[in-house]
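**Student:** What follows is each chain in one-letter form.
Number of protein chains: 4
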Amino acid sequence: MMNKRGFASDNNAGVHPSILEAIEKANNGHVIAYGDDDYTENAISRLKMEFGDDCDIYFVFIGTAANVLGLSAATKPYNAVICPDTAHIHADECGAPEKFTGCKLLPVSTPDGKLSVELIQQHMHGFGFEHHVQPRVISLTQSTELGTVYTVDEIRPITTYAHEHGLVVHMDGARISNAAASIGCGFNEMTGAAGVDILSFGGTKNGMMYGEAVVFFNKEMGNDFRYRRKQGMQLASKMRYIAVQFEAFLEDELWRKNALHANKMALKLYDAVRTIPGVEITQKVESNAVFARIPEKIISLLQEQYFFYIWDEVTSEVRWMCSFDTTGEDIEGFAALLRKII
Amino acid sequence: MMNKRGFASDNNAGVHPSILEAIEKANNGHVIAYGDDDYTENAISRLKMEFGDDCDIYFVFIGTAANVLGLSAATKPYNAVICPDTAHIHADECGAPEKFTGCKLLPVSTPDGKLSVELIQQHMHGFGFEHHVQPRVISLTQSTELGTVYTVDEIRPITTYAHEHGLVVHMDGARISNAAASIGCGFNEMTGAAGVDILSFGGTKNGMMYGEAVVFFNKEMGNDFRYRRKQGMQLASKMRYIAVQFEAFLEDELWRKNALHANKMALKLYDAVRTIPGVEITQKVESNAVFARIPEKIISLLQEQYFFYIWDEVTSEVRWMCSFDTTGEDIEGFAALLRKII
Amino acid sequence: MMNKRGFASDNNAGVHPSILEAIEKANNGHVIAYGDDDYTENAISRLKMEFGDDCDIYFVFIGTAANVLGLSAATKPYNAVICPDTAHIHADECGAPEKFTGCKLLPVSTPDGKLSVELIQQHMHGFGFEHHVQPRVISLTQSTELGTVYTVDEIRPITTYAHEHGLVVHMDGARISNAAASIGCGFNEMTGAAGVDILSFGGTKNGMMYGEAVVFFNKEMGNDFRYRRKQGMQLASKMRYIAVQFEAFLEDELWRKNALHANKMALKLYDAVRTIPGVEITQKVESNAVFARIPEKIISLLQEQYFFYIWDEVTSEVRWMCSFDTTGEDIEGFAALLRKII
Amino acid sequence: MMNKRGFASDNNAGVHPSILEAIEKANNGHVIAYGDDDYTENAISRLKMEFGDDCDIYFVFIGTAANVLGLSAATKPYNAVICPDTAHIHADECGAPEKFTGCKLLPVSTPDGKLSVELIQQHMHGFGFEHHVQPRVISLTQSTELGTVYTVDEIRPITTYAHEHGLVVHMDGARISNAAASIGCGFNEMTGAAGVDILSFGGTKNGMMYGEAVVFFNKEMGNDFRYRRKQGMQLASKMRYIAVQFEAFLEDELWRKNALHANKMALKLYDAVRTIPGVEITQKVESNAVFARIPEKIISLLQEQYFFYIWDEVTSEVRWMCSFDTTGEDIEGFAALLRKII
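Chains as they are written, first to last, in the numbering used here: chain W, 94 to 435; chain E, 94 to 435; chain L, 94 to 435; chain A, 94 to 435.
Just so you know, the hints here were simulated from the structure itself, not pulled from any lab data. None of the values given here were measured: they were computed from a predicted structure.
Same chains, same names: a pair is fine if it fits in one copy or spans any two.
Below, in silico cross-link-like pairs of lysine-lysine (DSS-like), each with a Cα-Cα straight-line distance of 27 Å or less:
{"id": "1", "residue 1": "Lys118", "residue 2": "Lys350"}
{"id": "2", "residue 1": "Lys361", "residue 2": "Lys350"}
{"id": "3", "residue 1": "Lys118", "residue 2": "Lys141"}
{"id": "4", "residue 1": "Lys169", "residue 2": "Lys312"}
{"id": "5", "residue 1": "Lys377", "residue 2": "Lys357"}
{"id": "6", "residue 1": "Lys141", "residue 2": "Lys312"}
{"id": "7", "residue 1": "Lys97", "residue 2": "Lys350"}
{"id": "8", "residue 1": "Lys357", "residue 2": "Lys97"}
{"id": "9", "residue 1": "Lys390", "residue 2": "Lys97"}
{"id": "10", "residue 1": "Lys390", "residue 2": "Lys361"}
{"id": "11", "residue 1": "Lys377", "residue 2": "Lys433"}
{"id": "12", "residue 1": "Lys377", "residue 2": "Lys390"}
{"id": "13", "residue 1": "Lys377", "residue 2": "Lys361"}
The task is simple: from the sequences and hints, build the whole structure.
**Tutor:** Given below as structure tokens:
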């Protein structure tokens, strides 16, 4: 029997068949462990076709690790990381960045999950004052935790500002495919080419099984990353099974197809529910998430049939995520149920 | 073309077909992420059939993480961990235990990778003296890094001694299948039932793709482990793919079949090479490893055709590991080559 | 020539003569190092006359260490500490709490530096949710960084609320003398007797040379503190010189005399400047600090003769601290200058 | 009544009168806290007369902190520190280096507490291998924990070797005065001029009350040390009282007079006891310590009148430390008692 699809998270979905197939094909005899194998070399070469040759790329298991270890490469323990207060590193990693890097996170309240030079400035002080943590990294999430997407023109001023002030820019790209699909560009345009220094490049929310890549556009920062990765408990022995997933992910732009589909489903969901009385859409639908305020009393009724998460209990705001495998029927069934219950 | 098998490590092997099949079957619709799903629940139930109900079990990505996070659950930063100087936690984890737990490791020089009460005692001092780290954990590896295996009768005095002195026992079971197969027992006999408090239960070196289980026989120590795991960057979103590997691993004792085979191949290798002039076997062959001193000048010639690692450059000692997929032909080919080159 | 007194900070003052005299008297022959001496025993006994016998007391070098190590005794790395955003632990310790404990700090914006149950509640969520840090400590500062003072009736609801929710209360008492002098009570009434679990008891801002005491009213939390102190680089070898300062500090309520004087000087300053046009007092004057908004252009002129710190560059708010050695002439001279410059 | 002098440790002694006098003289009005004052500036200038201008100097509270924070400035968490197994950082700091830096310590067994290039080499491997910690620092103690002293000619080959291999040299100079007095040189000859990169410069064991200096001959390593010091809980607010101790310590070579005296007393003690039957001197007497094996049963009898520490319970080895205030009568009395009891 098929497990039912819901709208809880894009990581509730399974693995895209092409990616599973790549794993199966890699299950072939012996290769050197820990990444010293052709599969890994090929995958990195393939990734460099996206990001250019002048970067260093390392695989880790998950996004939290990509974020935390990437930040550790850019910081000393007395540094601070400026991020939106909705950022995964701040709200959803159980303090892993603080524990592992020693740094303080300086959260910024934002209406839409997006930082701007103006918003960042509230934390740009205390430099040279030893009682104060020293801001060192600005961390953006693309697409954001609220489903919004930075345009390249919004990223560039932030990276310019950062570099002018001696800071570097980290991007949490757990849903970077959805962002790239949304604005119709490639990965590099909104990362390395836009001045990002370190990228957590994720695929698990878009059809992969596990594995994330840390991309250092600032190669100096990455030059000792293999030690950080190992000490950070993120060096996979059977690395090939991560590597081939990335190759399949990039092959024929599978990532874009998946992301475009998920984004399209989100728009469809938006269209299907926004006119239902009592439903108030709270964020622009720019990627694969729909945020809405709905009557509190109907939430549990809805969840019985389609699981999803409450984003804010106080305001009765919920989050509905679409995945690469969400179907039109899922949307229609859900919207019909919502309309009926309301 | 098939990748050639060598004797470098059991984690150079791929994934056993039954385990890959389990992964494929789990690729079915949506399930709640982060382990709140039936696959994970079932796998834990299945593991408890091995270890008894009175334990807590958590999946992480790799053995280093199982070790480090398990130790973190048992220690405060001023504690120390007594282990053989060959232990993975001491020699092969790039300082991850120190970085993550803050603890000092107190290594013990051993002839065969095995601790004993007598060997442990050299570090059993300084209790109550605040200038000195406070010993808290004794860490055993089963089977050891040198391929030797503790009998249950060797484990029990250590755990008794530990508990009498207020310490706990951690077991690194990265190759626990090989040990259980070697002494013909089940997992619990040499872990929980023998007094072990925390176990890193591994399968990747015996046919799994990734994933390790931390088993807390001392449940109090594990009662906050889910926070440690998340903060330790080891909480898999698509947990089901780890869970089902463990189920397949235990099903019909696949683990034992694989381990018995690897152990048998090691014995076969031992038999095939021990009489070759210039080859000196340096450790008892009790699991799937063969350690030998061979003439230094032939090492690179051998490695060209069958990759393996030099264990000790000074003494020209090498390690040959057998895997679940090592074949009799591999052994014969290798032994013939060795005989010929010598 | 005498170094001039200013209003920069109470730790710009020197050492009270009685305390210096106590140090001199202790300079007598040999005593066992690291606190195993009669001076230290006597000082702890004397402190227990203030706090009752049912507590544990440890000396460290400074307030930052008392705070950080006290918090480390109450937390595991996945915990969080709720505090005002003006708290020393958040704003002035260069990330030491995060680095040493691994915990995240959850700052609360407050008008006057004081927490309340209502203000705390914004961070009281995420319990049991492994993606979220687990709140564990509420940290109060008495007197606050803004010079305000909690009454006992304001502390008690917070400690009750904390204990009802499984949290503990830490108090940063760097200026606890000023608070006790202000509300006319003893130390214990607003700490142990009011439900505080861990206290950083400071004297350096009130006439001591160096040294701070960590008081554990919750003795279970302190039972391994001597290891944390040593590992935290805070175990003084010549402990007697810290110990005797505390004895002198408590003798004949020297602490209260000093604090009453400093508080009185602050009130005098308040009276002298509040009616000057262009001076706006921004906080209640309840201890030894006066906060005021003054015209930006006069700040540097004033600072040339009396050094003090700008609290908020944006709003042109400044802080004037009085000390145990501030004189009436200092106040008069400063007020006259201020009036003249404006 | 005078506290009796013993032979437990040079930090059981009190403070030299000249140093106490300097503290008293500094107790004069207000100066800016945290080291931004003339006393501190002058003390650093005075120290630079010893070490040359091309170094950076920071005060901390104690030797453990000087060691740990100095090491943190030279390392990343995946590094390792090679040191004698008797080193204070390894044996007496309760794991502070591991906790604070994340690094592993690689202890070397030595007969006399002294490292040599030959002894160091056992740990000079694993470079570039990510599973292994990366050796980065060689830490020497001068004089050693066993009372022996490195000549400049013994230090130089170690620093040369270190630099040739990309490592740096840290020196724990808790008793550096005794070493300099012993070999009749100045501080710089056996530190900066001999190739040492980072020095923990201590005076507390030679007549100071508290305070230690970290000297960076490698200035690049020290360029962010003020943040490390603050985050490391070692920034004194009333810094002047540390600073003036160092000035007094250096004035007219008070340090050398004190150290020469303590060393002389140790030689006198050596002469007085070495011929007593049953007393076996176990280390060369090159500074202010005498190590001896004596009959176990007499130890407690001796300790009743003159306290000292047992160094090794197994071999009945004891340590007798002389101080700047040890008198000839102390030696004679002790030797007479020892002779009598034996």
